[in-house]
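Novice: Here's the letter readout for the chains.
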Amino acid sequence: MASVDPDRDERDAVHRALKALPLPRAPRTLLPRVMVAVGAAPRSNARPWFTWPLHWQVASIAAMTLIVAALALVVASPEASLMAGAQLAARVTPHAAATVERAAGLADVARTLWEALIQPVFFYFFVWILVMSAACVAFGAALGRVAFGEIAQ
Amino acid sequence: MTDPGIFEAFVREYQDMVYAVAVRLLGNPVEAEDVAQTVFMRAFEHFDEISASPAAPGWLKTVATNLCLNHLGRYRSRWRFFSEMQQEDEAPFEASLPDTASETTALESADRDAQHAQLEDALRGLPDHQRVPLVLFHFEDKSYQDIAALLNVSLAKIKTDMHRGRATLRAVLARTHGIR
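Residue numbers (the working numbering), protein chains in the order written: chain G, 1 to 153; chain H, 154 to 333.
If you are wondering where the hints come from, they were derived from the structure by calculation, not from laboratory data. Every residue gets a Cβ at the ideal spot worked out from N, C-alpha and C, and that includes glycine. Hints may be right or wrong, so weigh each one.
Simulated crosslink set (DSSO-like; lysine-lysine; CA at most 27 Å straight-line) [to be verified]:
(1) G:K19 to H:K312
(2) H:K214 to H:K295
(3) G:K19 to H:K214
(4) G:K19 to H:K295
(5) H:K310 to H:K295
(6) H:K295 to H:K312
(7) H:K214 to H:K312
(8) H:K310 to G:K19
(9) H:K310 to H:K214
Short derived list, chain G residues pointing at chain H, Cβ under 8 Å [to be verified]:
(10) K19
(11) P22
(12) V109
(13) R111
In isolation and in its complexed conformation, chain G is listed as follows (with noise of 0.2 Å):
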């Protein structure tokens, strides 16, 4: 019985055509070709975060929560800070006692270097390193778009 429908008669022609097409052999100069490319191609060891396996994934997270309380409890207050470490080093050597006196001080000169000069503008600086970091983004994302023509894979 004939189909009522001849568009899709042609379609399902042409499918079942081109179908039954056997696969194009790919030239046989592509592999070594390829071989070659790969050979000469610098290869980075580094791996995206997210394929990392998972107990490396987590030591990662534990560490780095580690150096952000720490780095948070000096911020917040470095004289205890200090205080406490000096506790800790005196009592495993005596000398340390008087060294990290001398690193107190030295921390104290900085404290007034940081609030008079860098300080009044960190905001402003801050400010702008985002700003310029963004529209690097931009001009690298729009420079892809349309100079290479790229699409997402």
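The hints should help you fit chain H onto chain G, whose structure is shown.
Specialist: What follows is chain H alone, placed relative to chain G:
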């Protein structure tokens, strides 16, 4: 570090598939080989992730398709996708089709391989705006909507182009395969 031997086996396994996608989308064997090489370079960069993945063939096809569409957009006139000037594109190909009466005897004696080659050539000979959606539909199993979105062309335009492309292929089938 990727073992070159393992990667070579990977390329050997998938090179025909990748090349087939590229040559049918681009219609040009030389450009297809360039694109296939780029696809495998991308695969090498992500080889740790895709080598053992069952999604590797799909990943390769997607990258090959995107690179081919980029290539077509970059090196050929993008207006071909939008143009309504099909007459200009179709005329040379129609003119190159064999004359039914004079060629029938020769085609009847041709074997299946020759028929396939003729259909493959006819497909590659179609203008970009007809060939690309036909390949995406019939070989990559994309829907009309997906193709329209992928090519950034209206659905109606896609359907019209595909209809015209199929009509050309149907004419070739009628001559070579005796399909009416």
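Novice: Please go over all the hints and tell whether each is borne out by the structure.
Specialist: Consistency of the hints with the structure:
In summary, the hint linking G:K19 to H:K312 is supported, as the alpha carbons are separated by about 20 Å, within the 27 Å threshold. Restraint check: the Cα-Cα separation between H:K214 and H:K295 comes to about 12 Å, which is no more than 27 Å; the hinted pair holds. The straight-line distance between the Cα atoms of G:K19 and H:K214 is roughly 17 Å, inside the 27 Å bound, and the hint therefore holds. Between G:K19 and H:K295 the alpha-carbon distance is near 14 Å, which keeps this suggested pair within the 27 Å criterion.
Taken as a hint, the H:K310 and H:K295 pair is honoured in the structure, with Cα atoms around 16 Å apart against an allowance of 27 Å. The straight-line distance between the Cα atoms of H:K295 and H:K312 is roughly 13 Å, inside the 27 Å bound, and the hint therefore holds. At roughly 23 Å between alpha-carbon atoms, H:K214 and H:K312 fall within 27 Å of each other, so this suggested pair holds. For the hint pairing H:K310 with G:K19, the CA-to-CA distance comes to about 24 Å; that is within 27 Å, so the pair holds.
Restraint check for H:K310 and H:K214: satisfied, since their Cα atoms lie roughly 25 Å apart, inside the 27 Å limit. Because the beta carbon of G:K19 sits about 7 Å from the nearest beta carbon in chain H, less than 8 Å, this interface hint is met. Interface hint status for G:P22: upheld, as the beta-carbon distance to the closest one in chain H is roughly 6 Å, under 8 Å. Taking 8 Å as the C-beta contact cut-off toward chain H, the hint placing G:V109 at the interface is violated, the least distance being around 48 Å.
Proximity of G:R111 to chain H is violated relative to the hint, the smallest CB-CB distance being about 47 Å (cut-off 8 Å).
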